[in-house]
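Quick note, the sequences are listed as chains V and B, same order. Quick note: the first sequence uses full-length UniProt numbering, first residue 1, plus one each step. Quick note: the second sequence uses full-length UniProt numbering, first residue 1, plus one each step.
Don't take every hint at face value.
Covered by chain V, per the in silico footprint, the following chain B stretches (three or more residues, Cβ under 8 angstroms) [said to hold, decoys possible]:
1) 27 to 34
2) 73 to 83
3) 179 to 186
What the hints contain is simulated information worked out from the structure, not anything from laboratory work. Positions of the beta carbon are idealized from the N, C-alpha and C atoms, including for glycine.
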Amino acid sequence: MKKLINDAGSVVADALTGLAAAHPALRVDVEAGVVWRADAPRAGKVALVSGGGSGHEPLHAGFVGYGMLDAACPGEIFTSPVPDQVVAATERVDGGAGVLHVIKNYTGDVMNFELAAELCAEQGVAVASVLVDDDVAVQDSLYTAGRRGTGATLFVEKIAGALAEAGAPLAEATRMAGAVAARSRSFGIALTSCTVPAAGKPTFDLPETEVELGIGIHGEPGRSRAPLASARDLAAVAMDAVHGDLPLAGDLLVMVNGMGGTPLIELYVAFAEVEAYIRGKGARVARSLVGNYVTSLDMQGFSITVCQLDEELTDLWDAPVQTPSLRWGR
Amino acid sequence: MDVTFFTAWIQEIIRVLAINRDRLTRLDAAIGDADHGTNLDRGFTSVRQAMSDTPPDTPGQLLTLVGNTLIRRVGGASGPLYGSLFRQLGKSLGDAQEVSLDDLAAAFATALESVTRLGKAAEGDKTMVDALAPAARALCSAARDGLKPGEALDRAAAAAAEGAEATIPLQARKGRASYLGPRSVGHEDPGAASSALIVSAMHP
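Please work from the sequences and hints to get the whole structure.
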């Protein structure tokens, strides 16, 4: 393992120290594991709090700022935050109008946020939550944990964040967050495994000639393995899965997301194929994002997330945002 | 069984988890995200600190302290699940200075219930419940049959180990391994493996 770290046990704390040094508009409590906006709490504004394991940077701390999240609580690498962290984040940004928790559908995230919400309610903070579960690679049934939450988390945070910034009440921001999650679908493909620093070696072995289809964002293996193919064919596999679940139509918001180890040039190669695929189905890429946004440490690979837009969603997506890793219009 | 017995149990858990940290993480890498051993080791290292900061007087106090510390330190699914297991054990044992095998068996059954409720898992889902449930049953039947604590705990340990091993051919229906579908077959569940270690550490 070759990594730019001091110590495998202090990676998250050391990274938060760097984040604080690089972004004066943020406040960071390394001990408590909380990142929040310097101007929070804002009286009367609904606050958005998200969190999850570290290793997905810039998700979530990189999206704290104007028009998006008010606070993030990063857990250990690939491990959800503990309830204390979520409570600390919630209390720091509550401006009296309530707090929306954005939760990715993983057993650990759900349980820790639920415990935290109970503690917050005891202290009189109004907390609502939205569960993001966009990953079509995962079978959803009564007998499983349900679909994973992956790339759509960014869409939910941006669009609901814009609404909250505009002064919407908690119920309205929660409804919008749920609507974005319901209209979004994702599929991911890995070309290599990632290496968790504390584990010290790649999570899974993947031969040079093969890819993992239907991965999540924690270096867990995917649904199946397939021979390496062209970007066109791999994009088609992902898009077939997305289209098969929620037929592509009308105006779409499309993200081609790198998993942390794939160069931008390859992501643009993939984006060209995705755009052509969508056009071929009679739909249109109205808004797009290409880059490393919801990563899995140093994994090579990509995921595609699609959201069906309407006028309101498009306006909220276009609304100004100013965070370390997403910034426009302001 | 008094607070000394339960303190020895927790100290043995800390020792055994440190030794098995890499094995648990390897099991987790096969069907999860390669952090189970590291997380539990981190949590129980904090437990050691908490125990020396405020040495508990009763078994109930001790186990509640362990549970609260795990919830505050571990994160993921194993933090709340193991945290509520130990908290419920502590709550059920109450203020008693001395715990009988009957008390322990009853407390274990209640603690298992709170874990299954929180994790919404049943036996056969390929989770820690597959090791904890047979252990709870073994304790109950040993108490009913009037066995000595040592023998009862041996049976519980054997039942938990068998339960963990029996997760190998199962397809996961809960937790992160469930996302792999049929590909989770053929691997021991890391949560069941750590549960077996925790139960086995309870030797008098």
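Results for each hint:
1. 27 to 34: holds (count 6)
2. 73 to 83: holds (count 9)
3. 179 to 186: With 4 residues closer than 8 angstroms to chain V, the stretch 179 to 186 of chain B meets the three-residue bar; holds.
In summary, the structure agrees with every hint in the numbered list given earlier.
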